[in-house]
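Number of protein chains: 2
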Amino acid sequence: MASRAFDTDTSGIEFFYDPRSIAIIGASRNPRKPGGRPLVALQKRGYSGSVFPVNPQYDEVAGLVCYPTIVDVPGDVDMAIVSVPASSVLDVLEQCGEKGVKAVVLFSAGFAEVGAEGEALQRRMGEIASANDFRILGPNCLGLMNIGNSVMASFAHIVDLEPVPGSLGLVTQSGAFGAMIYAEANAARVGCSSFASVGNEADTEFSDFVAYLLEDPATEVIGGYLEGARDGGKLRRVAERALERGKPIVMLKVGRTPSGARAASSHTGSLAGDDQIYDAFFRQFGIVRIEALSELTAFAIVHGGRRSFRGKRVAILSGSGGYGVMVADKCESLGLIVPELSEATREKLQRFLPDFGSSRNPIDLTAQAAVIPHMLENCFRTLVEDEDIDIILAHAIFHEPNAMKIAQEIVKIYESTSKAIVIMTPVRADFGPEADHIALLRTARVPVLSDGLGAATAVARLAWYQEKVAQAGSRERDSRPLATASAPDVAAALRGSDGLSEHRSKRILESYGIPITREALATSGDAAVRLARELGYPVALKVQSAAIAHKTEAGGIRLQLTSDDEVRAAYAEILANVERAAPDAEVEGVLVQEMLEGGVEVILGATRDPVFGHAIMFGLGGIFVEVLRDVSFRIAPLTRDDAREMVSEVKGHRVLECVRGRPPVDADAIVDAILAVSRLVTDHREDISELDINPLVVFPKGAKAADALIRS
Amino acid sequence: MASRAFDTDTSGIEFFYDPRSIAIIGASRNPRKPGGRPLVALQKRGYSGSVFPVNPQYDEVAGLVCYPTIVDVPGDVDMAIVSVPASSVLDVLEQCGEKGVKAVVLFSAGFAEVGAEGEALQRRMGEIASANDFRILGPNCLGLMNIGNSVMASFAHIVDLEPVPGSLGLVTQSGAFGAMIYAEANAARVGCSSFASVGNEADTEFSDFVAYLLEDPATEVIGGYLEGARDGGKLRRVAERALERGKPIVMLKVGRTPSGARAASSHTGSLAGDDQIYDAFFRQFGIVRIEALSELTAFAIVHGGRRSFRGKRVAILSGSGGYGVMVADKCESLGLIVPELSEATREKLQRFLPDFGSSRNPIDLTAQAAVIPHMLENCFRTLVEDEDIDIILAHAIFHEPNAMKIAQEIVKIYESTSKAIVIMTPVRADFGPEADHIALLRTARVPVLSDGLGAATAVARLAWYQEKVAQAGSRERDSRPLATASAPDVAAALRGSDGLSEHRSKRILESYGIPITREALATSGDAAVRLARELGYPVALKVQSAAIAHKTEAGGIRLQLTSDDEVRAAYAEILANVERAAPDAEVEGVLVQEMLEGGVEVILGATRDPVFGHAIMFGLGGIFVEVLRDVSFRIAPLTRDDAREMVSEVKGHRVLECVRGRPPVDADAIVDAILAVSRLVTDHREDISELDINPLVVFPKGAKAADALIRS
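Chains A and B supply the protein sequences, listed in that same order. For the first sequence, position 343 matches number 343 in the working numbering, and the numbering has no gaps at all. For the second sequence, position 688 matches number 688 in the working numbering, and the numbering has no gaps at all.
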């Protein structure tokens, strides 16, 4: 990854976040109107650049000279906020071009979202922007705010809120939802550095603003609301860059409910729902996917503690045994470890705990923690000193008169260690004044959260993210070289046909280093018998035709043939069946193939996703795929880590280990085959639309593709 | 169920909730001490009965005459609150007996929770209570509050909170956690009718207080925090009664993480973790299990709307498309239905929506909903009139100056319909003053929740609960009579042995109406051959011995034998293998059994749980159980509905339907077999500890037990 240049184009985006002057075209005297609200907010928050209202109806708005058109404005204008009827937008954009504007924030609606005519207008906008070398945010967006320099280029109601200082940068494809996220974060005292609502993405898109925030020193966490990426490749490059920078992207993407399967003739294609692909993409590139708004603020709070986790071992301190167990359950369900404590640590803890407390993890301090001086502090200290604990989650009870004293103890501990500590205790999530002890903790950057389950979730996600960052750092080193493609005819074979027969598909796989069954093509019964003898009985016979994707249904397969007579009979029978089932199919011949004994069947595949390109699939054979749809995806090209994760991610992965006394199968052989598929579809991205290896039979040593299908 | 009398003993519990007089033994002048806090709270809240401080150190406490012992108190004392050192507790209890006290709330700690000596003291307490005809709550508890009559018999900090009016009755096995739940509910303006912390349950237990609340008119929802039921049978009767009464019990039970598998020789036993059994119990008896504190308040709020759902079809209205999709995803993941709307409804909606809104469910009103008059009202009206919608989840945006107007519109709609409506909009969850529009909605009983995902979850849980209530009402009618046991020797066969051989186990199953394979026992090679001929080839041979639970491992099984010679050889081989593997095993003979062709393998079983009695298990064969542990449990005796749910609940249940062109298997045959197992273990509850039918082979018509094991 380190070798790939960061080629995402963010040129021009800086004028949205840091314009030296702003014109408001369609300026209004009504502070509730889109043309009025930003004007008021810019003034109220003290934007230091020049502000120029533009509206032919007025000479003056909000105490400023108002100009009839932007061309009339004296001096340079970096940003134009445009709030005019859809019908005037193109003219206004031309004027912006004439004036040399760099960035247009286009509030106006009525474009691609309302139909074909609007779409055409929107395309025209992009052309005007390109021709005039400016960028457009929108149309149909709520605009942008950059809190640090008071660029309040938005008409969302959130511009009226008193900003909370903070470093969460928001980019959203839904204005309304984005504004809700901003408001909820502020209520939880997670301040935002900036907010960008990208609207219809006529010119700039979601990824451009995320890319900019990666380099923005005021932003430590990027929160995104995504409905669909316009350019999956660009989002991938941005995500890779984010991992390099170690700046987390936390993403809310809705739409888990499948909106109907796609038409696909491969297994892989039919299993690749949009959400599965996005989910795989997020996992692969370290984007933290969340399910609820509150998870973003919780993540930002825990991340704000600025601690690297050395591992995933969590100690839980709680004033109630039950609460501790509840949090422990959540931790373990999310992949954190809540280990038994060492005897030494337990003995130390017991010295501080009341006799009805518990020194077993989760540690039950009992309600006495709020009363007995230094008890919480002493227990904290013990856990900080325990080398086998990486993260401390503490449920603290702050009752008067001890609340401040306990908070001070916690701060002292926090500042004395580099371990991660998270405090769980009720915190107000509105704009009211906060308790003194909470303020003290927050000022010292101690993460404090109301919701214990939310705290556990945020810690688990951050631990996962930190692992992803570490993995990204060592990706290059980890990838072994792949077998080089030695088949110059791959592209030729694929071109000009809808798909390839099993035999031809397997030849291509073989050229990419994937072992296949021993087999040969027969075009007569006699030839089939001869080949069967050469291979050794038992054998299988399978009709070969690019037109027959489902050979079994066409009666084109006979298995476990043990004699010359059986082979001869099967050959004739298959041809007769196929003649009936698919009279027009061009038959290449009948494949004579060795029968594989033992092994575990898995499925590998690839499908071309319209957003992200080829997605690679892995699944276990039989009911795991057919009944449980238990498969994993990653976006090609893959690293070895990606392939390994695909294998370990399926729910039934234990099947690959020892089951019923069978030795474990060769997981490396699966990983090698996955990587070979990734290489193949990457080399031939234009030619291959779908690929199935179903099954790949995996043995204690090695694997063989027993059937395959490639479609162009 | 209706025929079963409600035999849970709640006699005496009423004196905890409604005492006419209260003595506080160990009364303190310090309002922060356990002996001081309730005294202050009783006075502050205006408890109308007599209050008697008892403490030999004082003549007067809090302006009341203080007595040296409870015996010195003039007049009757219904309740004694006891806060004295552990060493004095037994004496004090004897005095309470002498005085004729009815209910003792025992705060004191230092009993079963600290070791064997404390346990002995605790047993003694129970004896004193029985002998003197009073009941004890505790010891080691936070006590009890009944808000309606100001019985503040608790020293938890929550007695100091200004009570919020409400009808949530809390019963908790953890005082500290219970107090957290109470405080969080109050902060969310979900008032509690009462609070009971049951502590060590020396005399009364969790179920007693839940049982009382079932009959308490002030309580509409019961919230429980449970660590483990002392008496599973009692909890079951209480839960059944709750379903009859239609009063929901919402339960938080932690401890999902397995604490180590039990020693068990059956499959079923090894799969039956504590949490699986509790979870099954909750599902079976309509107890709403929650994962987080916030779910209890959300449930109470939605339940407080007092609407019966006619179905599970949800329409979602939202001011942001993305938010609507997020809520829709959650609804569908929890079993609610978010249907396409009819053309008629969509046309009506389109009249009210802006042209960039969406009339598809979830319906996107856009942010204009906060601005355009009557838009929300009109859309609501349209959905209320749509017969295909049962529940309306509406995300409402309240911005000034329209907030009150919109709230009034919602109330008008709500009062005009009996459909369920839930509003999602930010609500304060602390004790601060609430916005006028929220207060208006709440007063009209319109459920209002901040968290859209929480709202969807609460609606889904209430829909599930209402279905359970309806199902309970029709349980009797639904149960078909079972085959009567015709084998008088079942008990005899089971007694005096650790377990039964397959053959003997199957004979018992057969007597309960479970079809078994055709088979007979051979004690010589010649007999085996004769039996094989009678059954018809192919056959299986299996060694029969109560001492050999795992026949395959002992080399005691030969399958697919097709000739006399094979049978004769297999017979000899099996005996030789078993002689080597288990020389001391008493061998009954070798079972000659038909081979079953086709069919789907499932597993049925039963295991005796120490809390709930026999749990019945169902699972699909092979990897579903071995790798995925995909099984379902219910507590015997079962209804037909229970058995049906067990079958549909496993993740792989689609295997029973059409797979790969195979016809669906006979699900009724599985249900019959499950019910027969339930009947068998219920009839012989003392004799059977574990039972496995592994596999039961299920065909398109009928099923047969192919192997079985019963252990006593």
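Please note that the accuracy of each hint is not assured.
One copy or two, it doesn't matter: identical chains are merged, so the pair holds either way.
As the list claims (entries may be wrong) - Here are the simulated lysine-lysine pairs, BS3-like style, with alpha carbons at most 30 Å apart:
1. LYS44 - LYS412
2. LYS468 - LYS312
3. LYS247 - LYS405
4. LYS412 - LYS99
5. LYS312 - LYS701
6. LYS348 - LYS701
7. LYS247 - LYS412
8. LYS701 - LYS33
9. LYS33 - LYS405
10. LYS348 - LYS412
11. LYS33 - LYS348
12. LYS247 - LYS348
13. LYS234 - LYS247
14. LYS234 - LYS468
15. LYS44 - LYS468
16. LYS312 - LYS348
Keep in mind that the hints were calculated from the coordinates and are not lab data.
For this session: Pop the pair LYS234 and LYS247 into one bin, within, between, both or neither, using alpha-carbon distances up to 30 Å.
Result: within (17 Å within a copy, 55 Å between copies)
For this session: Measure nothing new, just compare the shortest in-copy and cross-copy C-alpha distances for LYS247 and LYS412 to 30 Å and report within, between, both or neither.
Result: within (28 Å within a copy, 49 Å between copies)
Problem set entry | Intra- versus inter-copy proximity for LYS468 and LYS44 (alpha-carbon distance at most 30 Å) | neither (42 Å within a copy, 57 Å between copies)
Problem set entry | Intra- versus inter-subunit Cα pairing at 30 Å for LYS33 with LYS348 | between (64 Å within a copy, 29 Å between copies)
Exercise. Between the shortest in-copy and the shortest cross-copy C-alpha distance, which are at most 30 Å for LYS33 and LYS405: within, between, both, or neither?
Worked result: This pair counts as between: shortest inter-copy Cα distance 20 Å, intra-copy 49 Å.
For this session: First find the shortest C-alpha distance between LYS234 and LYS468 inside one copy, then the shortest across copies, and answer within, between, both or neither for a cut-off of 30 Å.
Result: within (20 Å within a copy, 50 Å between copies)
Exercise. Is it within a copy, between copies, both, or neither that the alpha carbon of LYS312 lies no farther than 30 Å from that of LYS348?
Worked result: The answer is within: 22 Å in one copy meets 30 Å, while 54 Å across copies does not.
Problem set entry | Alpha-carbon proximity context of LYS44 and LYS412, limit 30 Å | neither (39 Å within a copy, 39 Å between copies)
For this session: Indicate which option fits the pair LYS701, LYS33 if close means a Cα-Cα distance not exceeding 30 Å: within, between, both or neither.
Result: neither (70 Å within a copy, 70 Å between copies)
For this session: Classify it for me, LYS312 with LYS701: is the Cα-Cα distance of at most 30 Å met within a copy, between copies, both or neither?
Result: neither (33 Å within a copy, 52 Å between copies)
Exercise. For LYS468 vs LYS312, is the C-alpha pair at or below 30 Å within one copy, between two copies, both, or neither?
Worked result: So LYS468 and LYS312 pass the 30 Å test inside one copy only (13 Å; across, 41 Å).
Exercise. Is it within a copy, between copies, both, or neither that the alpha carbon of LYS247 lies no farther than 30 Å from that of LYS405?
Worked result: neither (35 Å within a copy, 44 Å between copies)
Hints 1, 3, 4, 5, 6, 8, 12 and 15 from the list above are not met by this structure, while the remaining hints are.
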